[in-house]
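S.K.: Below are the chains, spelled out letter by letter.
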Amino acid sequence: MTSSELDRTPRTLLVSESSSFLDPKNRISAQVQQLHFNHQVSVLLPECSSAPSHLDSVLNNFSSFYLIKKLPVYELLDRHFLETAVYHGAVFGLSYRTRIDEDNCVALMPNVVSVDLTDSSMAPGRRSYLRLLTSLKSRLQLQTDFLLSHHPGGGASIQPLLSRCDWSQHRPEVNCRVLTNLPCPAPLSCDPHSFLEWLGAVDAGISCENSSSSFLSSFVCPEPNTMHRHALSVSVSGLLLPHDIHRLLQELRRYVEQPRLASWVSMTVRGFADSPVSCSNHEHGFLRGGENFYTLMMFHDHTYQLHLAMGAHDVCPP
Amino acid sequence: MKEVEEKEEASVYQRVVLKNASPYHYLKVRLVLEDDSTRLSAVELKYFIITGLKSLYGEVGAALNFDVLKYDEDTLTAFLRVYSSLVKLWSSLTLLGSYQNQACAFRVLQVSRLNPLPKNM
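Residue numbers (the working numbering), protein chains in the order written: chain A, 1 to 318; chain B, 1 to 121.
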């Protein structure tokens, strides 16, 4: 194998869009809605040491979700469950800790699924439905740990299903850190990859204070940079609803549009690496890395920059 | 590495698509040793990986540029960043079988092209 063949690796895509919130055609809301299964949202607020109360309240009020252990997959086809929950588009869920390239994965989405439960041929009682139900009950007894969530107000519709299973309710985990003396690159001055790399490093607690003679690491903050006395880094993890992320986005917009020391905030939303679907119902692949995230930079003057990252087996978003 | 750019400009709106434009790969790895209580410092870990590269790819391979971005000595877990040659680094980690006369293995927990992935659920 030649050296150049060894270096060839599956492609990754980074789509960067810049526009303004004031532009009526901006795609931000559509983008937030498209990623159904959100695992984590991380926010960085430069020159901030504590979140203002409105923002704090939004961060701490993300919807709860349920973890069902060993859910037999045919339960998702239960007639009552379909009629009260699925048909109203109120629930969605994802199999938990199943690896997309090794195990069977299940995703339940509020609109189209590859088994389209809302198609008339899949109505309870019809032949396709009965065939699928018998297969899942007898021939292919799929059972998986399952994460389930519902839109606000849809809680009652899933209670019958939960009562038949071993379930627990969870609140998303919120982690807040105040960072001091943080060098921050100017967002528009460096290329998207370097900026995203720096942002990911801040989130993971990776230091960029490396001298040029350091043996261990040569990672430094991109130039030009300014030193911020403090910055607030918050992350919320769990199974997060697009609706809650949208609320957070609106609150962050309100925050950054007020006169402040820092002129930008960033919000990074990560999907599940092993989710069977990524943006807008396209199939998501893993191969070496299940990249599946977007970062939104919001500026004081209503403009934004959106960076969408997709991995090797994903389709480029429109 | 290819870089493909498509620009659509309409007043304020701009869209750029970058393909394979990031030269770095990020790996999260854990070193599993026969004796659980053995500890390595970050410098010892980096040196150990370099010896692995040298045994597989020689002196030129050992000069491969990689960074230990973050290291947890208690769990022997490291975040590595490598410039372009992911396959060389990964194959060296796979074939590193012993550390100071005890059996060992590198478990590659996560790999990414874009930015270090956080801990999974």
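Heads up, a few of these hints could be off.
[Said to hold, decoys possible] Using C-beta positions, here's what the derived DEER-type ranges look like:
| hint | chain 1 | residue 1 | chain 2 | residue 2 | range |
| --- | --- | --- | --- | --- | --- |
| 1 | B | Gly97 | A | Arg127 | 54 to 60 angstroms |
| 2 | B | Arg39 | A | Tyr87 | 55 to 61 angstroms |
| 3 | A | Ser138 | B | Tyr83 | 50 to 56 angstroms |
[As the list claims (entries may be wrong)] Computed, partial: chain B to chain A, Cβ under 10 angstroms:
| hint | residue |
| --- | --- |
| 4 | Lys19 |
| 5 | Ala42 |
| 6 | Val43 |
| 7 | Asn65 |
| 8 | Tyr71 |
| 9 | Glu73 |
Because the hints were derived from the structure by calculation, they are not lab data. Note that the Cβ used here is the ideal one computed from N, Cα and C, for glycine as well.
S.K.: Evaluate each hint against the coordinates.
M.R.: Right, here's what the structure says about each hint:
Checked against the hint of 54 to 60 angstroms, the C-beta distance between Gly97 (chain B) and Arg127 (chain A) comes to roughly 57 angstroms, which is consistent with it. In this structure the supplied range 55 to 61 angstroms holds for Arg39 (chain B) paired with Tyr87 (chain A), their Cβ-Cβ distance being about 57 angstroms. A C-beta distance of roughly 53 angstroms is found between Ser138 (chain A) and Tyr83 (chain B), which places it inside the suggested range of 50 to 56 angstroms. For Lys19 (chain B), the suggested interface contact is upheld, since its CB lies about 6 angstroms from the closest CB of chain A, less than 10 angstroms.
The interface hint given for Ala42 (chain B) is met, as the beta carbon of that residue sits about 6 angstroms from the closest beta carbon of chain A, less than 10 angstroms. Taking 10 angstroms as the C-beta contact cut-off toward chain A, the hint placing Val43 (chain B) at the interface holds, the least distance being around 6 angstroms. The restraint placing Asn65 (chain B) at the interface with chain A holds, with a minimum CB-CB distance near 8 angstroms, inside the 10 angstroms limit. Interface restraint check for Tyr71 (chain B): the shortest CB-CB distance to chain A comes to about 8 angstroms, inside 10 angstroms, so the restraint holds.
Contact between Glu73 (chain B) and chain A, as hinted, is not supported at the beta carbon level, the nearest pair being about 13 angstroms apart and thus beyond 10 angstroms.
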